[in-house]
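**Student:** Could you put together the complete structure from these sequences and hints?
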Amino acid sequence: MSLATVQNVQKQAATNQNTIFQVDNFNLWYGETHALKEVDLSINEKEITAIIGPSGCGKSTFLKTLNRMVEMVPSVKTSGDIYYRSQNILNKSFHVENLRTRVGMVFQKPNPFPKSVYENVAYGPKIHGIKNKKTLDEIVEKSLRDAYIWDEVKDRLKENAYGLSGGQQQRLCIARTLAIEPDVILMDEPTSALDPISTLKVEELIQKLKEDYSIVIVTHNMQQAARISDRTAFFLNGEVVEFNDTETLFSNPSDQRTEDYITGRFG
Amino acid sequence: MNYMDIQHVQKKMKTRIVKNNILKYIFLLATVIGLVVLATLIIRVFTQGIGAINVDFLTGHLSTAPERAGIMGAILGTLWLMAVVIPVTIIIGIGTALYLELYLKEGRTRALIQTNISNLAGVPSIVYGILGLTVFVRAMDLGNIVLAGGLTLALLILPIVIVAAQESIRSVPQHLTEASYGMGATKWQTIRRIILPAALPGMLTGSILAISRAIGETAPLTVIGIPALLIPFPEGITDKFTALPMQIYYWTLDAVLVEEYAKLASATIIVLLLLLFILNSVAIIIRNKFQQRY
Ligand SMILES: Nc1ncnc2c1ncn2[C@@H]1O[C@H](COP(=O)(O)OP(=O)(O)OP(=O)(O)O)[C@@H](O)[C@H]1O
Ligand SMILES: [Mg+2]
Numbered sequence: 001m002s003l004a005t006v007q008n009v010q011k012q013a014a015t016n017q018n019t020i021f022q023v024d025n026f027n028l029w030y031g032e033t034h035a036l037k038e039v040d041l042s043i044n045e046k047e048i049t050a051i052i053g054p055s056g057c058g059k060s061t062f063l064k065t066l067n068r069m070v071e072m073v074p075s076v077k078t079s080g081d082i083y084y085r086s087q088n089i090l091n092k093s094f095h096v097e098n099l100r101t102r103v104g105m106v107f108q109k110p111n112p113f114p115k116s117v118y119e120n121v122a123y124g125p126k127i128h129g130i131k132n133k134k135t136l137d138e139i140v141e142k143s144l145r146d147a148y149i150w151d152e153v154k155d156r157l158k159e160n161a162y163g164l165s166g167g168q169q170q171r172l173c174i175a176r177t178l179a180i181e182p183d184v185i186l187m188d189e190p191t192s193a194l195d196p197i198s199t200l201k202v203e204e205l206i207q208k209l210k211e212d213y214s215i216v217i218v219t220h221n222m223q224q225a226a227r228i229s230d231r232t233a234f235f236l237n238g239e240v241v242e243f244n245d246t247e248t249l250f251s252n253p254s255d256q257r258t259e260d261y262i263t264g265r266f267g
Numbered sequence: 001m002n003y004m005d006i007q008h009v010q011k012k013m014k015t016r017i018v019k020n021n022i023l024k025y026i027f028l029l030a031t032v033i034g035l036v037v038l039a040t041l042i043i044r045v046f047t048q049g050i051g052a053i054n055v056d057f058l059t060g061h062l063s064t065a066p067e068r069a070g071i072m073g074a075i076l077g078t079l080w081l082m083a084v085v086i087p088v089t090i091i092i093g094i095g096t097a098l099y100l101e102l103y104l105k106e107g108r109t110r111a112l113i114q115t116n117i118s119n120l121a122g123v124p125s126i127v128y129g130i131l132g133l134t135v136f137v138r139a140m141d142l143g144n145i146v147l148a149g150g151l152t153l154a155l156l157i158l159p160i161v162i163v164a165a166q167e168s169i170r171s172v173p174q175h176l177t178e179a180s181y182g183m184g185a186t187k188w189q190t191i192r193r194i195i196l197p198a199a200l201p202g203m204l205t206g207s208i209l210a211i212s213r214a215i216g217e218t219a220p221l222t223v224i225g226i227p228a229l230l231i232p233f234p235e236g237i238t239d240k241f242t243a244l245p246m247q248i249y250y251w252t253l254d255a256v257l258v259e260e261y262a263k264l265a266s267a268t269i270i271v272l273l274l275l276l277f278i279l280n281s282v283a284i285i286i287r288n289k290f291q292q293r294y
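Chains as they are written, first to last, in our numbering: chain A, 1 to 267; chain B, 1 to 294.
Because the hints were derived from the structure by calculation, they are not lab data.
Virtual Cβ for every residue (Gly too), placed ideally from N, Cα, C.
Hints may be right or wrong, so weigh each one.
[Unchecked claim] Mimicking DSBU-like on lysine-lysine, the simulated pairs with C-alpha atoms at most 35 Å apart in a straight line are:
1. K187(B) to K142(A)
2. K187(B) to K46(A)
3. K134(A) to K210(A)
[What the hints assert, rightly or not] Label-pair ranges, simulated between beta-carbon atoms:
4. D195(A) to Q174(B): 16 to 26 Å
5. W188(B) to G166(A): 28 to 38 Å
6. G107(B) to D81(A): 20 to 30 Å
7. E159(A) to V282(B): 20 to 30 Å
8. H220(A) to W188(B): 32 to 42 Å
9. N132(A) to I285(B): 26 to 36 Å
**Tutor:** Now the structure itself:
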């Protein structure tokens, strides 16, 4: 075996091991609207993958296909394959509940339940069958600590989550997602409803989370994508125009349309 | 360039304000008319009936002699009816609403069912009485017992309960259900932990309002056939019965023969109103207790 082949094989093995999501030739329609076109993408373990692009280009749609939330829209039709850790998640026999336990999601608008802070975080573990009070207490504390909000809420665990500020609510929602110990966290513009200081806090948190989780984040904010992500995909009209290391994509885009977008010439 | 001509606006301002005031008084008048009619009715009923209310009247058996007639049988009959109507409408009504809103896919079947339910809500109550007579009393051979009457009244209000429950389910913010599904919760877990707690107050108030309507109904019961003078008390849902509105109906009808019956009818109305008042208070308490903010 030549050295080149050996290296190739190793590289292959390495990418397989590190790839969590492999999207092949994926198309999605909302009725007649072709919202995602021939999308090919792979998402790596313990990396932050940013999805950028102008409004309506399909960023949220793409993110929601990764945990099959998009199916809640009745008119949706798809073609192509999406593999999560080499299992085809579009397979009829694949249970969405399984997928969503491994692939958590944080939404654009903070959406805590109208329950106490504690009950919000304990929700996931409870639905997955954890009943022991002590275990739940531990999970709640750990998740809140990991989401950097423990100090702010430790004395108000029994209070309704709606009393928290917007930024605190969003970090609570992140804690709630962490409580199910997911493998991947999907985030759809998690800071767009927040003020600059809360945004910074959430950004720091996301970078910290990268050590243990793989993150896919949709953002309108290009500085944010540049600041926190390892790789960036630029979507336009439902297509992936360019997908590369964040640094390369922002400093040396290979497609004219990417350059136009990141330099603010359209979008 | 100016599209807004200040002088023109000011010239018209006066008529606009006058118009505004006139309409305010029209709406006030509409409200007052309603209230006055209602107040007259209640005052008449109370002045006529309150004298007839005493322990013997409330706890006694029926009788043709006005001074010995009691309505305990009718009170029990109404309570037994409620014991059938409440669980049947709440369970079937909420179950149907959950299925239609959360399980059945949007499409022709759903639209068809939906239209039918809305139309059924407008069918006169006497038609339900005929249905009850044909199905429960005759085909199922139950006879004119509490169960048959209760099921008929339940059918009558089911469309209203279903539609009200659907509205409550729809008003649960989607971002909450999404958050639940997003964590791998099944549909049932999401219903039980998120949708029901949020929608239950609305569902129950809707149901209780509909149930109080059913409790006051006479038309379906007359069709089923309620004895005009039933002496024994009903002891369960398989007994023959009479109910408060039926008693009001019979006594009012016979007041031309025995003048005293009019007083008994008014007294019975007071008892029925009191019962409905309690039922509605329960609805309000439930709503206030479980109401959540989003
Ligand atoms: N529920 C839906 N039904 C029909 N069409 C939809 C639906 N959701 C999205 N679309 C369409 O799909 C396309 C992609 O929408 P998507 O929400 O994914 O865009 P986006 O990139 O997230 O935009 P934004 O940055 O504004 O959030 C748009 O043309 C949109 O109108
Ligand atoms: Mg979006």
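**Student:** Which of the numbered hints above does this structure break?
**Tutor:** As far as the earlier hints go, not one is violated by this structure.
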